[in-house]
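Colleague: Sequence:
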Amino acid sequence: MEAATLRRRPALLPVAGGAALAVLALAFAGRLPDWAWQFPSAWEIDLAAALNRFFKWLTRAGVGPLAVKDIPRALGAAIEAPLDLVRGLLVEGFRLRLPGGARAEIAALPWWALTGAWTLLAHRISGRGGALLVLGSCLYFLVLGLWEPAMLTLASVALSVAVGAGAGLLLGAWAYRWPRLDAWLTILYDIMQTLPVFSYLVPILLFFGFGPVAALTATVIYAMPPMARNTTLALRRLPQSVRDLATVTGCTPGQRQWLVLLPAARHGLLAGLNQVIMLSLSAVIIASIIGAGGLGNDVLQGLKSMRLGRAFEAGLGITLLAIVLDRLSRALALRRPTHGAGTGRKLLWAVSGLLVLGQITAQILPPSRDFPEALTLSTGRLLDDLVTWANVAMQGPIEALRDMTVRHLLRPVKEGLLALPWLGVAGILTLAAAAVQGPRLALGCAATFGFIALAGDWNRAMVSLYLVLVSTLVAVVLGFPVGLIAGLRPSVDRAVTLVIDTLQTLPTFVYLIPVVMLFGLGDFPALVAIVLYALPPAIRYTKDGIARVPRSLVEAADMAGCSPRQRLVFVQIPHALPELMLGLNQTLLMAFGMLVITSLVGTRGLEQEALVAVSKAKVGEGLISGLGISLLSIVADRLIGHGARRLRRRLGQG
1057 MEAATLRRRP ALLPVAGGAA LAVLALAFAG RLPDWAWQFP SAWEIDLAAA
1107 LNRFFKWLTR AGVGPLAVKD IPRALGAAIE APLDLVRGLL VEGFRLRLPG
1157 GARAEIAALP WWALTGAWTL LAHRISGRGG ALLVLGSCLY FLVLGLWEPA
1207 MLTLASVALS VAVGAGAGLL LGAWAYRWPR LDAWLTILYD IMQTLPVFSY
1257 LVPILLFFGF GPVAALTATV IYAMPPMARN TTLALRRLPQ SVRDLATVTG
1307 CTPGQRQWLV LLPAARHGLL AGLNQVIMLS LSAVIIASII GAGGLGNDVL
1357 QGLKSMRLGR AFEAGLGITL LAIVLDRLSR ALALRRPTHG AGTGRKLLWA
1407 VSGLLVLGQI TAQILPPSRD FPEALTLSTG RLLDDLVTWA NVAMQGPIEA
1457 LRDMTVRHLL RPVKEGLLAL PWLGVAGILT LAAAAVQGPR LALGCAATFG
1507 FIALAGDWNR AMVSLYLVLV STLVAVVLGF PVGLIAGLRP SVDRAVTLVI
1557 DTLQTLPTFV YLIPVVMLFG LGDFPALVAI VLYALPPAIR YTKDGIARVP
1607 RSLVEAADMA GCSPRQRLVF VQIPHALPEL MLGLNQTLLM AFGMLVITSL
1657 VGTRGLEQEA LVAVSKAKVG EGLISGLGIS LLSIVADRLI GHGARRLRRR
1707 LGQG
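Residue numbers (our numbering): 1057 to 1710.
The hints are simulated quantities; they were obtained by calculation from the structure and are not laboratory data. Warning: the hint list may mix true and false statements.
[Unchecked claim] Simulated pairs of lysine to aspartate or glutamate, EDC-like, Cα-Cα distance not exceeding 16 Å:
(1) Lys1112 - Asp1126
(2) Lys1360 - Asp1459
(3) Lys1674 - Asp1102
(4) Lys1470 - Asp1459
[Claimed, not checked] Listed next, with one range per pair, are the computed distances between beta-carbon atoms:
(5) Gly1183 - Pro1546: 18 to 26 Å
(6) Gly1658 - His1464: 42 to 50 Å
(7) Arg1159 - Ala1134: 20 to 28 Å
(8) Ile1162 - Ala1134: 16 to 24 Å
Remember, predicted model here, so these are calculated numbers, not experimental data. All C-beta atoms in this analysis are idealised placements derived from N, C-alpha and C, irrespective of residue type, glycine included.
Based on the sequences and whatever the hints tell you, model everything.
Modeller: Printed below as a string of structure tokens:
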């Protein structure tokens, strides 16, 4: 049946190509009706206004004395208590009201106690290298006067990781037990991971208000799906013998899941936890828009006031936090369990003793709480001066590169895409979806473009799509040769892997800082930022695909008398094509993920509409524009993903 399906679907490819040629011919001949060129405004539906009315009603709705908005406010109060506890321990301290009206203050833990405790824990988890990394990061925050915002960021990230990982673990475990639930949750995860954060900031503000709780809620929604996906995947990958063991020992379904299967899937769960940590850090600057504070707020204020030096310092601080947490969580995931608790108890006693000593000292000697001001410095003004000098010294080459790219690449693609008839674009891509996967994907593709057109967002969607397509093309053109060389030469692979691992730990906003410094605002700096962000998967999948070509195929090509170039072109690259397509897929998704952030540098597509919706508190406009971006990225993912799977089957790779 599958083989027959594969034979039938390629027959649709000539149909799609013929339809494309027919539409182009009619377009050039001027035979297309007006409604096929431009979607008639009379057909548009004001979906945003309907959503605005719905949310306005929802905020006032209730059952008896209980209003709907009281439920999230109660959840927010439950979240606020542990958040205040962590923030009090790390930064703010506690102010207690005693009987009789007296007040008492309990100081936060001092910097030296926290630095020592974290260094000891890092040494236990990741050895000397991890300890030096933690110590160096703490000194960076202290010397540059970023200790307090760094601790506020760490407090928010710690709680959002705990909530997101816990919720993801539960959802992933339920999805494993009930496959029908998993099918619906997969769609929900796709929307959550592709829907721009800006789009759901406004409804979160409506229900949770402005402040750290709203920011934490947005971060959890953004970072939780990978944990749920990894939990389900890790449970499915367990060997049958583990399940048989749980059955033989007489476990109930609940005991089987929580006492046997989940502990056995520990490494997969820790990999999901690592992704939650990284995504939570990526969201800290976005969360600062609605009151998160911390390093993200420093970056955001620096970008707004063009104090790019200070923004760079705070952005580098976020990167250091990301690298530290990534390194420690990876080490924890790969660490083998040890028997015997002697060393662990000694470490626990040492860390506890250091923290207790620090708390007592901070309470008795208040000056010991703060890092000496004489030892602090700031490179912000120096960096601002350096950027000014670089802009003056390199103004000619920078302007030439920007003008050439805009004139010969960005503007022609943008104008060409906007000039195409909407019906032709939607119809051809729908036919392509039918050829690749069948009626289901074709229906989803048609529904996506129909939704965008009916919402009146067609032109904005094409502007967003043009920037993503051009950025993906540039990232692939740059990443493909680098990945080829790295896949063929292990010595180059080590250096390339180090660079792309570093790039993937950088939060999205950090890419904007050097881009704005050098190129200002507009589509060109947005292109540069998206390419830098989307480049790592283009390189990684290429080098992995080339490196995984079976040795037997390489030897057969050599025995057939192929030159190294012939072997690469006719054997290695064709065999690695499915992996290269997956790399293209991930590069495209990364480009969509960075697209919304580039709205801060002046892009004019759906992403700008989502940003404006936040500033004007327009729930409907934000959700509709964000859903348009989400649906475009999902359709692109499905098209390329199904194409890669079909190609893999045709090549006999499973």
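Colleague: Hint by hint, say whether it matches the structure.
Modeller: Hints, one by one, checked against the model:
Proposed proximity of Lys1112 and Asp1126 is supported: the alpha carbons are some 15 Å apart, at most 16 Å. As the CA atoms of Lys1360 and Asp1459 are separated by approximately 25 Å, the hinted pair breaks the 16 Å bound. Restraint check for Lys1674 and Asp1102: satisfied, since their Cα atoms lie roughly 13 Å apart, inside the 16 Å limit. The hinted pair formed by Lys1470 and Asp1459 meets the criterion: a straight-line CA distance of about 15 Å does not exceed 16 Å.
Here the CB-CB span from Gly1183 to Pro1546 is close to 24 Å, well matched to the stated 18 to 26 Å. Range check, Gly1658 to His1464: about 20 Å between beta-carbon atoms, so the 42 to 50 Å window is missed. Taken as a hint, the range 20 to 28 Å holds for the pair Arg1159 and Ala1134, whose Cβ atoms sit roughly 26 Å apart. Between Ile1162 and Ala1134 the beta carbons are some 23 Å apart, a value that agrees with the proposed interval 16 to 24 Å.
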